[in-house]
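Protein chains in written order, with the numbering used here: chain A, 1 to 435; chain B, 1001 to 1280; chain C, 2001 to 2321.
These are calculated hints, taken from the structure and not from any lab test. Just so you know, even glycine gets a beta-carbon here, dropped at the ideal spot from N, CA and C. Among the clues, some could well be false.
Unchecked claim - Quick list of simulated restraints, FRET-style, between CB atoms:
| id | chain 1 | residue 1 | chain 2 | residue 2 | range |
| --- | --- | --- | --- | --- | --- |
| 1 | B | F1034 | C | Y2215 | 51 to 57 Å |
| 2 | C | W2041 | B | A1194 | 29 to 35 Å |
| 3 | A | D175 | B | F1034 | 44 to 50 Å |
| 4 | B | A1194 | A | D119 | 31 to 37 Å |
| 5 | C | E2086 | B | T1196 | 37 to 43 Å |
| 6 | A | E269 | C | F2167 | 52 to 58 Å |
| 7 | C | F2167 | A | E184 | 27 to 33 Å |
| 8 | C | A2226 | B | F1034 | 34 to 40 Å |
| 9 | C | L2172 | B | I1113 | 38 to 44 Å |
Stated by the list, open to error - Capping the alpha-carbon separation at 16 Å, the derived lysine to aspartate or glutamate pairs in EDC-like fashion look like this:
| id | chain 1 | residue 1 | chain 2 | residue 2 |
| --- | --- | --- | --- | --- |
| 10 | A | K293 | A | E431 |
| 11 | A | K195 | A | E169 |
| 12 | A | K190 | A | E136 |
| 13 | C | K2315 | B | E1173 |
| 14 | A | K198 | A | E136 |
| 15 | A | K351 | A | E58 |
| 16 | A | K388 | A | E74 |
| 17 | C | K2288 | A | E431 |
| 18 | A | K428 | C | D2160 |
| 19 | A | K428 | C | D2079 |
| 20 | C | K2288 | A | E81 |
| 21 | A | K190 | A | D209 |
| 22 | A | K198 | A | D128 |
| 23 | A | K198 | A | D165 |
| 24 | A | K62 | A | E74 |
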Amino acid sequence: MKKNMTRFAAVVGLAVVPALALAGCSGGDDGNGGGGSGDDNKLTVWAWDPAFNIYSLEEAEKIYQKDHPDFELEIIETPWEDLQAKLTTIAQAQQTDELPDFFLMQNNAFQKNLLNYPDLFTDYSGSDVDFSQFPESVTAYSTLDGVNYGVPFDNGTAVTALRTDVIEEAGLTLDDFTDITWSEWIENAKTVLDKTGKPLLSGIAGEADIPVMLLQSAGESLFDEEGNPTIADSDALRDVIEVYQQLVDEGILTEVNSWDEYIGTLVNENVAGTINGIWIIGSIQGAADQSGKWGITNLPKLDDVPGATNYSANGGSSWALSSSGNAELAADFLNSTFAGSTEFYDTILPKAGAVANWIPAADSDVYAEPSEFFGGQPVFQQVVEYGKQVPSNNTGAYYYEGRDAVSTAITNVMGGEDIDAALDEAQKSVEFAMG
Amino acid sequence: MTSATSSTRKRGRFSWRRVPGYAFLSLFALFSIFPLFFMVVSATNTTKDVLASRLLPGTHLVENFRSLFGAQDVGAAMLSSALIAVGTTVLALAVCSVAGYGFEVYHSRGKDIVMAIIMLAMMIPFAAVMIPLFRLFADVGMVNSLFAVIIPAISTPLLILLFRQASRSFPHEIIEAARIDGLRELSIFIRIYAPTMKSTFAAAAVITFMTSWNNFLWPRVILLDNAVQTMPMLIANLTAGYVTDYGVLMLAVLLTSLPTIIVFLVLQRAFAQGITGAIK
Amino acid sequence: MATEAIVTGGKRRLRGSPRNPYQGRKRPWLHTQRRWNLTGWTFLIPAAALITLMSFVPMIQALFLSFQTGRGSRLTWADPFWLNFERMMGDEIFKLTVFNTFFYLIIQVPIMLVLAMILANLLNDPKLKFKAFWRTVIFLPCAVSLVSYSLVFRTLFATDGFVNDTFMALGLMDQPVNWLGGGWTARLVIIIGLLWRWTGYNMIFFLAALQNVDYSTLEAARVDGASSLKTFWFVTVPQLRPMIVLTAIMSINGTLQLFDESWSLTNGGPAYQSMSMSHYLYELSFLKNPNVGYGAAISYVILIMVAVLAFIQMKVGDKRD
């Protein structure tokens, strides 16, 4: 028995031990993604998107190193979904030591994480960051009880992007689409559709992006300040859904079923415009042959809704300080770069198209550079201007549930259900999820 | 052996009875391969073409390669995935084959009950155990290590069940004979059972490798570092940005699929020999 | 044969054990049968220990969780303690996902298993040409990672995608179908995806099992004049029974726990109409407001459903012969 046992063990061991040894070496507790770094001059950060966020972090590191030559920034590329899953797992398992020094977070998810897992965060009250240099609507996402938990980064201000050559064919210009109401906008869009056959918008069916954007443009939200859902009683929301329905029924908005299809409609010229956060221009610019044919303007405002504006936002993200890392150093780093350096924003803008929320950045020449792709418009400056006028919205902890409920409501309305009934159902399902 | 006898039959003789079989196979093969064909073609195209469902290969392959390798550390991710998959497969085969053999050959009512309990484990949705598992590994300091990905995957009720069911057709008189010859239990397993059940081992190896390679829910929670991320995580990185280059994405996906295909090609002879009377 | 005599005899006894080697002498405590029994148990220990640690311990913890409520990490005991389960009864979305999952189970699993068996049988024929080619091609879908095939499928089933274009060109319909936009069609896309991906997987199991089919029985059937269909049904299939039970259990388990396809192909859409139970569970725990107590309760319900079905399957199908 012994002889065969040793032989068996030897065979298994020979195969497995090298593999595990290698595994232990390369992974190991040495590659410390978590727990911040004990080092005083080193920071670890979790963020996604190499072309945009990570690139910006690298440039910020260089700028900070001018005054702090020993500084090092370790960037760990983590897609947002993974990041959220990790945050949830870490918080539930109460292992906050595994957190990095700071991390990026979607604005829409900020309240949810703050309210449910306060143990993950450190606030900025001990730092020098001047939050008045950011638009209030954006800092609102990461503020709880008057305390700031996030430094806003990429800009989610919504714009209307239009194919200027197509609307010209219909005898219209970009000005005809600026500072108008939805009923006027729809008239113009119908003209374009009749004369050129191209719809002006596309969107993912059953997703709440567009409706919620329009709702925000009127300064309204899905929840009130106490966090109660205001879906069923919201006249503004009813208006919004009616507008959406009209857009689809008249053929002005093409509904598609997935993100890739949506991008496809833009890049393959099936539609002549879109309404979304400014970050969409990255995807639009992927169609290099359309350069010079696009223009940017603001959103139409809702008719009949008091408080309606031409401005809104969709998405965007902010930097959060983790509870177990070197919050002081991270806050200082962020203050000197993302919240304090025009040079930084000037560098990242041309290369990555990374538009900031930081208001002073817009005064620079770089921001005033006309964009060739957008027919010579200084789009970045425009967007920061728009950003100042965006109304805040209340997200609250149940924001995703609210958005989902609105998505379902829209799907049902497009399928023929009465708007009021659909909104009632949406309200009920959010209340169910909350309780 | 069959191959010897079949070569004495007349080869290449056309028979109408075979046509439905071939037709069915061709249809199913076409159904199976078309999406893959699309994937391969897309890896050579640009984003625009991919989104327009272009079916012809383009000229962007080299560019896509360059973008992919420039943006992500493909080598490291491949290595990670490979280590995890190989480690899991070897250990899983060792542990589960022994267990399945034990359940079947040393059958008893007690073991039946234990088997039923173990099968319950197979029915636990993974999302439910993710957080307690994370806490377990974090408590022993094994977060971010490849071990943490391998260990939960070693003992699967599925594999144990597979080996148990396959052992049902293993004739026990051979075990009797071996015992009479004086062999110990473990060496019966190693010398007689394992070589005979090659097809089962090969099938188990392919399945385990494939499952481990494509696994993404657990690694993305427990691995915190870019240096040890797996290929599926790398692919998630590619879609996480504001702008996705679909040609590069398809290329990455193609590269990710290759190792499993290779493993299959290598092992397929073992479980698909054609009918043999080898056991006799 | 000696083996049969042992098995069909009335008493249950360890196979392979001779009648009584200790005739006339006193049996030592560690006699042969007991030693074999113990060895058998030793074989099981590594596997069983790992499973206990990795699956059962977390699951017991989840049981406690399912009796707690609260948001995030602030959990308290539920009052009454079955509150989460009661809540489940009123959860419309949960009921929809249960319906969806069972729909997939009832439609897709039988089709897939039958297809896999037919394919395996076809591929097992020694006279078939290009075996390696067919095998590889049919297995390839499993080898492909999830992200890719979901992207490909979504592109193919898009409103202006390949499938619609082809069907219209063939004259089968004159309006493009919005596959992913309608409840039933989205479910259909998932079923097609499942068939595409998992038939090859199950085919491997059947192929492996077919290797162990006794060729002499097939020869005997042919000599007796049975057609190939009859041979298949009456001779091959009974010998495949253990493997059929295995694949059936695996498929039931896999489909009831369906996550990947619901998440990647349709994202549960439109409006939860194609979402599976596990996907909903994941959303509840990680995406929406985390309510882990409720999530744990749902996972128990899923577990019980799967266990009941598997138990029935085993009782009905699994015989030791």
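Structure-based check of all given hints:
1. F1034(B) x Y2215(C): 51 to 57 Å: 36 Å, violated
2. W2041(C) x A1194(B): 29 to 35 Å: 20 Å, violated
3. D175(A) x F1034(B): 44 to 50 Å: The hint (44 to 50 Å, Cβ to Cβ) holds, given that D175(A) and F1034(B) are roughly 49 Å apart.
4. A1194(B) x D119(A): 31 to 37 Å: 51 Å, violated
5. E2086(C) x T1196(B): 37 to 43 Å: 54 Å, violated
6. E269(A) x F2167(C): 52 to 58 Å: 24 Å, violated
7. F2167(C) x E184(A): 27 to 33 Å: With a Cβ separation near 40 Å, F2167(C) and E184(A) fall outside 27 to 33 Å, so the hint is violated.
8. A2226(C) x F1034(B): 34 to 40 Å: With a Cβ separation near 37 Å, A2226(C) and F1034(B) satisfy 34 to 40 Å, so the hint holds.
9. L2172(C) x I1113(B): 38 to 44 Å: Check failed, 54 Å falls outside 38 to 44 Å.
10. K293(A) x E431(A): 46 Å, violated
11. K195(A) x E169(A): 7 Å, holds
12. K190(A) x E136(A): Given pair K190(A), E136(A) is violated - Cα atoms ~36 Å apart, limit 16 Å.
13. K2315(C) x E1173(B): 27 Å, violated
14. K198(A) x E136(A): 37 Å, violated
15. K351(A) x E58(A): 13 Å, holds
16. K388(A) x E74(A): It is violated: about 33 Å lies between the C-alpha atoms, which goes past 16 Å.
17. K2288(C) x E431(A): 14 Å, holds
18. K428(A) x D2160(C): Given pair K428(A), D2160(C) is violated - Cα atoms ~36 Å apart, limit 16 Å.
19. K428(A) x D2079(C): 22 Å, violated
20. K2288(C) x E81(A): Holds, at roughly 12 Å.
21. K190(A) x D209(A): 22 Å, violated
22. K198(A) x D128(A): Violated: K198(A) and D128(A) sit about 50 Å apart, past 16 Å.
23. K198(A) x D165(A): Measuring from Cα to Cα gives roughly 12 Å; hence the hint holds.
24. K62(A) x E74(A): Roughly 12 Å separates the two Cα atoms, so the pair holds.
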